[in-house]
Amino acid sequence: MVSASVAALISITLDVDLLDSTVLVMPLYILLLIFIVPNYYACRGLPIRETPWLVLLGSHLLILGVGTGMWMLAGEAYSRLLDSFVEQARWVSIFERSLYINLSIVIIQFEIVALIHYLYLALEATKNLQQAALKQKLLISQAELQTLKATVHPHFLFNSLNTLSNITLSTPEAAHRFCLLIAEFLRYSVAYSKKNSAALSEELEHIQNYLGIERERFGDRLETSFEIDDSLLETKVPPLILFPVVENAIKHGIDSCIEGGLLAIVVREQEGSLVFEVRNPVDELGRKLKGTGHGLASVKQRLKTRHGEKALLKVERDNGTFIAKIYLPLSNEEEVLPE
Amino acid sequence: MNSESETKIRAIIVDDEPHARQGMERALSDFSDLVIVGICENGLQAVKVVNELQPDLIFLDIQMPKLDGFDVLELLGDQAPCVVFVTAYDEYAVQAFEANALDYLLKPLDPERLNKAMEKIRERIGSESSPQYTELLVGRERENELLQRILVRDGSDVHVLAVNSVCYIESADDYVAIHTEDATHIKLDRLGKLQDKLDPRQFCRIHRLCLLNINFLSRIETETKDSKIAILESGKELPISRSGYADLKKLL
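Protein sequences appear in the order of chains A and B.
Read in the numbering used here, the first sequence has 149 at position 149, and its numbers run on one by one without any break.
Read in the numbering used here, the second sequence has 1047 at position 47, and its numbers run on one by one without any break.
Certain hints may be false.
Said to hold, decoys possible - Taking lysine-lysine pairs in the DSS-like style, the calculated list, with each CA pair at most 30 Å apart, reads: (1) A:236 x A:300; (2) A:137 x A:300; (3) A:137 x A:195; (4) A:251 x B:1048; (5) B:1197 x A:251; (6) A:137 x A:236.
Note that these hints are calculated values from the structure, not bench results.
Keep in mind it's a predicted model, so treat the numbers as computed, not measured.
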């Protein structure tokens, strides 16, 4: 299209035969398409926002100069070639006389193509950005859902409901207290996903609520002990990162032992880390519950995404005792990175 | 109806949660033709109490520590009385109960459901036909992978043996003798059936009548050119058959 109109333009302004100008111009403009290609790579290589404008201008002028120069040489060679086939030489003169028209059109085309490339790249970048943002959002909500599912386990709800149904008939006051515990527990579990971090004291209260519920269910089989370094109570921790370890201790530890046992929680500082330790008896020959270790695996995953190598979940088995320790970095930064 | 009220149904309750035990006891107190003769906190007690009191009926919780409801049933074997299973959420169990037309109750207890179950129980105990629990257990075994422990009952006592602590198992008619380092336990089972559930890389049938845990094997001695003997770490000697020797060599 461009070449056809250029051919017409030349034939009118220079008063030459339309066929002659078309024969000259058509292949040259197809050739131009090839010379323009490097433009695309130049645009990719020189992002418009990040390149200093002098460099940007210089490089584009250089590409333009080399491109048009080469194109001019090709045009000269082509018109000579055409002239050598016929007796009445005319193309070289047409090419030379039309050079100013051709040059300006070629330059304009070069720059339009560059502009289009930049526009295209900008569009692509925004699209990629949007996609990445969406993907990130999806990942976050998936992680949240998983944690929530692990937090409010259906078995836990069933068990609590059964306990509740039994105490409503025997001791209504106890049933009321039990409802309060469950309400507090659920409120915290549901609200946590909106928070980026929680104070250790809040997390411990949540754990206390949970243990209060389970104590009602287990009766004498569950004993608990706490040994907390009070200076750490205001430390910010990822919400609900400690809870799954306690839940695991109940589900796979205390509940595996006929006589139950002591669930001991210790929070202390050690070499710049907050250490959360849970110790409980486990019966290796007890009935194996399905899904063992899933909750702990997700804690590990969360710790890794959030703190990388600085946080850790360590698990030990020692002759009927199960010990799980979470190490969280104690930093001065107030803000904890989002997961 | 009148004759039934004269001989009351003797029942026991098995549940690991104190509130659940009380709740069941309270719910059952409404039935004048039923008397609760025992309340158990776990499977071990349940086996003991059934053995000692021979009740007509057990209300058996499924989810319990160490021994769950199915384990109790397995250990009781033919001695198991009429059972009503009690469960809160075990999906597999509920399906199995329905498939085998067994009585089960869901927690929390629905008084109406309990009434219906009691009607069925009166009929069943009146007719003296004992329900078949074996299919229920077979189905469950298929679901489990390799056996990690072997349950053995000796009268009222239950032993849970870790598979790794078993040296060898001998077959004797309908029984198997399970030898650990410090004791021998008798269990009503077939050696072949047991072998199928054990890790074939750990247990080798060295003889038609003997299954050996190769971790306890010390050495093999040739007595005559055709008879070989396995010497265990304890010094115990076990004969090896020809095909048993071939299997053992493959394994080692």
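Cross-check of the supplied hints:
Distance check on the hinted pair: residue 236 of chain A and residue 300 of chain A sit about 18 Å apart at the alpha-carbon level, within 30 Å; holds. In summary, the hint linking residue 137 of chain A to residue 300 of chain A is supported, as the alpha carbons are separated by about 21 Å, within the 30 Å threshold. Among the hinted pairs, residue 137 of chain A with residue 195 of chain A is consistent with the structure: their alpha-carbon atoms are about 15 Å apart, no more than 30 Å. With a C-alpha separation of about 26 Å, the suggested pair residue 251 of chain A and residue 1048 of chain B falls inside the 30 Å cut-off, and the hint holds.
At most 30 Å may separate the alpha-carbon atoms for a hinted pair to count; residue 1197 of chain B and residue 251 of chain A meet this at roughly 27 Å. With a CA separation close to 23 Å, the supplied pair residue 137 of chain A and residue 236 of chain A stays within the 30 Å bound.
Checked against the numbered hints above, the structure breaks none of them.
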